[in-house]
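*Asks:* All chains should be modelled from the sequences, with the hints used to inform the complete structure.
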Amino acid sequence: MINQPVTRLADLVRQGESATLEFRKSTAEKDRACRTLCAFANGQGGQLVFGVTSAGKVVGQQVTDRTLEELAQEFQGFEPPLMLSIERIDLDNGLQTLVVHALRKGNPPFTFRGVPYERVLNTTRVMPREHYQRLIIESAHATTRWETEPAAGWTADQLDQNEIVATIEEAIRRGRCEDPGSRDPQAILRGLGLLLPHGQLSRAALALFCRDDVPLPEYPQFKLRLARFKGATRDEFLDNRQYTGNAFALMRRAERFLIDWLPVAGKIVPGQMARIDTPALPSEATREALANAFVHRDYASAAGSVAVALYDDRLEIISSGGLHFGLTPEMLFKPHESTPWNPWIASVFYRRGLIETWGRGTTRIASLMLDAGLKPPTVLENAGFVIMTFEMPERKTSEKTSEKTSEKTSEKTSEKVLAALRSDGKLTISALANQLGVSTRTIERTLKKLQEENRLSRIGQDKGGHWKVGG
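Per our numbering, the sequence shown starts with residue 22, numbered consecutively.
Do not rely on the hints blindly, as some may be mistaken.
Claimed, not checked - Label-pair distances were calculated between CB atoms; the ranges are:
1) Glu91 x Arg197: 53 to 61 Å
2) Val147 x Thr74: 23 to 31 Å
3) Asp200 x Glu436: 55 to 63 Å
4) Ser203 x Ala440: 51 to 59 Å
5) Glu436 x Gly485: 25 to 33 Å
6) Gly77 x Ile158: 53 to 61 Å
7) Thr299 x Ser203: 37 to 45 Å
8) Val147 x Ser203: 52 to 60 Å
9) Ala440 x Pro300: 31 to 39 Å
I should point out that these hints are in silico values taken from the structure, not numbers from a laboratory. Bear in mind that the values here come from a model prediction, so they are computed numbers and not experimental data. Where a beta carbon is used, it is the ideal one built from N, C-alpha and C, also for glycine.
*Replies:* Shown next as structure tokens:
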């Protein structure tokens with residue numbers, strides 16, 4: 022036990038009760054106090070002061086050897102045992118106060134007399150079942166998790182060999198891996214730590230390198246959902262896509278989607294013939310956010326996915342799962358320890374240069390946004406998902422006028438496509454692009470829009486089929 026000056030107590034009283042500080046009038050309330058100490062240990066840790074009322078009035082108490090023995094006996098109710106330390110503060114009236122520190126160390130969840138507790142603001146309550154189960158999973162995380170389980174029935178030759186080789190070559194180029202001297206996929210997977218004993222393929226390897234053309238009925242969670250909504254609600258789609266595949270391929274598709282749909286501001290730089298186009302949101306920031314979503318998501322849920330939702334006023338990047346190991350949305354934007362939920366997957370993303378280590382991802386995103394003169398994104402944990410939201414910059418009048426002009430141009434393109442297909446319904450996308458003098462991407466987007474509006478339909482297969490104007 023450590024004796025502390027009374028000024029130490031004044032500092033605590035001045036703070037008031039909070040998520041990490043509670044006052045108890047005396048050790049006669051030791052039962053309720055221990056519930057709070059349990060809650061502190063299950064959260065960010067905290068301090069409990071005996072000898073101060075909940076209103077912050079210092080009253081003190083007599084602290085004898087018997088007092089300390091009774092406290093120690095009460096502490097036997099913690100399972101597993103808590104890391105506790107006690108300070109004694111002598112008051113001018115001859116009484117004392119005790120400050121008990123509960124540290125967040127060991128493996129939560131902790132219980133007191135068989136019941137887990139949690140701290141919400143300045144209140145202690147019984148921990149909900151869902152929170153308790155999540156802490157149980159986190160406590161076993163070092164040895165048992167989804168990514169380290171075998172991918173039963175899968176072998177290395179069923180994976181995307183080009184993606185595997187591209188990963189090791191990029192890692193070598195970035196100096197994040199020694200050249201193994203071989204480009205054999207099995208050897209590369211072993212070097213990346215993705216093979217289990219006896220050469221079994223891990224689920225992490227499958228998530229990272231499965232092929233697009235191989236069905237994955239056992240792994241529906243290898244999914245990406247992309248949507249562009251009209252306005253600020255989900256009432257009406259402008260674009261809606263879903264893909265399955267490996268994490269790298271899905272991330273590329275997500276980046277392509279943002280290139281297609283994010284507004285672009287163009288400016289002419291003196292001395293250069295071509296204009297410089299800048300997306301509304303920094304590409305590096307959105308790329309980092311996408312990588313974080315694929316790395317930290319919960320792959321164990323068959324209903325899980327990564328989703329990108331773009332509205333007129335914001336971009337949301339959504340990943341299934343939650344924040345773990347006591348991390349909160351607020352902590353993400355401060356220096357914090359990096360404890361990835363999927364360490365094997367995170368390691369490969371790091372080697373490939375897609376994420377940073379040491380918990381710098383979200384702070385880097387915030388810095389990139391600030392450097393671009395924009396607000397940092399916000400993070401919300403809700404209903405089993407983590408949502409990172411980027412606020413779209415307010416557009417200037419000239420940009421809005423440009424958008425209206427673009428809409429008119431789009432409608433003219435639609436009419437030209439319909440006219441061309443009335444003449445020849447077998448025209449290919451490339452032929453239409455050449456005939457109208459636009460890109461194939463513009464044609465693809467126009468055809469999709471016309472089909473959604475029931476102004477055009479496809480008869481037959483891609484090869485040998487034809488277009489029918491009029492739905």
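*Asks:* If a hint holds in the structure, say so; if it doesn't, say that too.
*Replies:* Hints and how they fare:
no. : hint                        : result
1   : Glu91 x Arg197: 53 to 61 Å  : 56 Å, holds
2   : Val147 x Thr74: 23 to 31 Å  : 24 Å, holds
3   : Asp200 x Glu436: 55 to 63 Å : 56 Å, holds
4   : Ser203 x Ala440: 51 to 59 Å : 57 Å, holds
5   : Glu436 x Gly485: 25 to 33 Å : 27 Å, holds
6   : Gly77 x Ile158: 53 to 61 Å  : 39 Å, violated
7   : Thr299 x Ser203: 37 to 45 Å : 42 Å, holds
8   : Val147 x Ser203: 52 to 60 Å : 56 Å, holds
9   : Ala440 x Pro300: 31 to 39 Å : 33 Å, holds
The structure shown violates just one earlier hint, number 6.
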